[in-house]
Amino acid sequence: MKNHRLPQEVNAGSMADIAFLLLIFFLVTTSIENDAGINRSMPPEVNDAIVDIKERNLFEVSINDADLIMAEGDIINPKNLREKVIAFIDNGGLPMQEEGYCNYCKGDRMADSSENPDKAIISIKAQRNSGYPVYVAVQNEVIAAYNDLRNRESLRLFNTHYETIYSDYYNEEISEDQKGQLKERLEIIRALYPQKILEPETVNN
Amino acid sequence: MIKFNKYRSSKSLPPVSTASLPDIVFILLFFFMTVTVMKNQNLLVENTLPTATETEKLDKKDRVIIIYVGKPTADGNLTLGDEPRIQMDNKFITVDEVGDYALQALSSIPQHLRSVATVSIKADVGVKMGIIEDLKSELRMVNLLKINYTTYEGAVVDNI
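One line per chain: the protein sequences are A and F, in this order. Under my numbering, think of the first position of the first sequence as 7, with each following residue one higher. Under my numbering, think of the first position of the second sequence as 327, with each following residue one higher.
The shape of chain F in the complex, shown without the other chains (with noise of 0.2 Å):
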């Protein structure tokens, strides 16, 4: 303790200047402001996807239409009951009306770009196939077939 005290009542050392902090947040600040996407869609339903490991990346937003698929949640509507439901655009949208927003959502896509959308389908875990398969022959009939099963990365096993 004398000797602690003997130290700080030198002086000897300066004390560590912080004037660069601000600028190490700033550059930390700036780097997240970037990458930060908005979302412009509000999860109306439950959505945890499942996993997979033989993934391909959906880098490519400008030709991607997304579809939600799950049970609503909460602030979605509590009248809704528990059947999983479809999610486009902010809204619950039956199976029937699935190809028609899913054309509307193709029309405002480049037209170079449209040959090659990817329906992506974000199925919550617990959705079982039926709905699935409906909304498969629904993109079918409208005639986009690239469908991506959008999951998360791991294995396989933790689905089971």
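If we strip away everything but chain A, and leave its shape as in the complex, we get (with noise of 0.2 Å):
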């Protein structure tokens, strides 16, 4: 008789509690992918390109089983590694008269560090046995050196952020010419600071 007068309301209060319990299961098994590291490339394999590197323009970064860092002869702390390496990319030690002077360099044209930042080579050697994270660190310090001096060209030229640029000419959703433009302003700071990285076989122990 109840039933009759009063239409039975299916209660809605436990929907929440199933979805609350879905949701829970979804925020646990999601795994926010880590997609983001130091894009390195490779020389082929194939490469008997003998090039004669003046001890001046290389500038050498070690790191040993001990995971110490050596760069340029001596034990250095890895936080000063990265002033270390713009200091000796942006030197720019040939004379003013001579055919590849760096005009735009800031550093401190002293005669024993490199010639120009396009002479300007880095080498990183590791052991076997050197830590992996030591060798990351490393890489890290020496791209964020021609980071920033690539950064300081592009606010200096373009007066915007070398990332900036950068992201906005893989972003998908800007024009042909947009995207020629920042191509060409990519390609101005590239020469002017030509990321040269050496990585000899690593030596057996």
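Among the hints, a few may not be true.
[To be verified] Below, simulated BS3-like cross-link-like pairs (lysine-lysine); rule was C-alpha separation at most 30 Å, straight line:
id : chain 1 : residue 1 : chain 2 : residue 2
1  : F       : Lys454    : A       : Lys85
2  : F       : Lys383    : A       : Lys60
3  : A       : Lys202    : A       : Lys185
4  : A       : Lys85     : A       : Lys185
5  : A       : Lys185    : F       : Lys386
Source of the hints: derived by calculation from the structure; they are not laboratory data.
Taking the hints as your guide, dock the two standalone chains into a single complex.
Written out as structure tokens, the structure is:
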């Protein structure tokens, strides 16, 4: 009798509970993937090119078995690596009259450091027992040094950050014209500070 | 207390309706359902990545070959010992096999993307450089030259 008078309403109160259960399940199983890292390209296997490098143009960074970092013959604190690399690349040691003089460099122009950024080469050497994180840290600092310098030039020439140009270039929503312009700018900056990182074969021990 | 009781008994305020709560929760649910990526690889190795600041995003999944390096985990296999191992496609492989498996993975990438294929090296913090160097020379052998040391975002001093 009661039912006839008052049609029973379905209680939706537990709907929230069910949805919460599902929600918690997905929250737990979701793993936000970390897809960022340091991009490097290796030289091809067949590489007969032998280039004479002046000692002043080579900045050697080595990592030993105890994960100590040595740069230019001294054990250094990893925190100082970046500024040392910047000082080396940006040295611009050639005198003003000579060809290859670096007019945008702001370094100390020392006679025993790199001639110009185009000639400056960083060599990263690790031993088989060196830790991978330390190696990544060194790579990171060297790339950071290049990025700092590129950023500086990018701000000077185009008044934008290098990263902004770079990320805009890979943004697919921009027009062809803009893309062309950005590419041009990227190439100009990259030509000013070309990334030259050398990785000699690991020494066996 | 008296005041409180009075207030309740007066029934001037109806209870807050929770009828829309399921809707809100469902919206959240759908959000998580859509962003969830089901893992298609079972991790058999320890994988705590190092940190770095100068990272670039690897957002285009269709051209990435992933190689894991690390100590085998307990649920991988206990008999494998402590030496870091290489994992690709849900199984352990030796250094010599890396080239073959990498080429196999490359062949599953669409033709027009093969020239931009990137190998993402996901190596654990406990890994030594030796195995990484071997891996790199194997990849060079099969002409996969674009590599990415996949890392977490963070200061590099944490690594040392």
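Hints, one by one, checked against the model:
1. Proximity of F:Lys454 to A:Lys85 is assessed by CA-CA distance (about 22 Å); at most 30 Å being required, the pair is judged to hold.
2. For the suggested pair F:Lys383 and A:Lys60, the alpha carbons sit about 36 Å apart, so the restraint of at most 30 Å is broken.
3. At roughly 25 Å between alpha-carbon atoms, A:Lys202 and A:Lys185 fall within 30 Å of each other, so this suggested pair holds.
4. With a CA separation close to 36 Å, the supplied pair A:Lys85 and A:Lys185 exceeds the 30 Å bound.
5. At most 30 Å may separate the alpha-carbon atoms for a hinted pair to count; A:Lys185 and F:Lys386 meet this at roughly 19 Å.
Against the hints set out earlier in the document, violations occur for numbers 2, 4.
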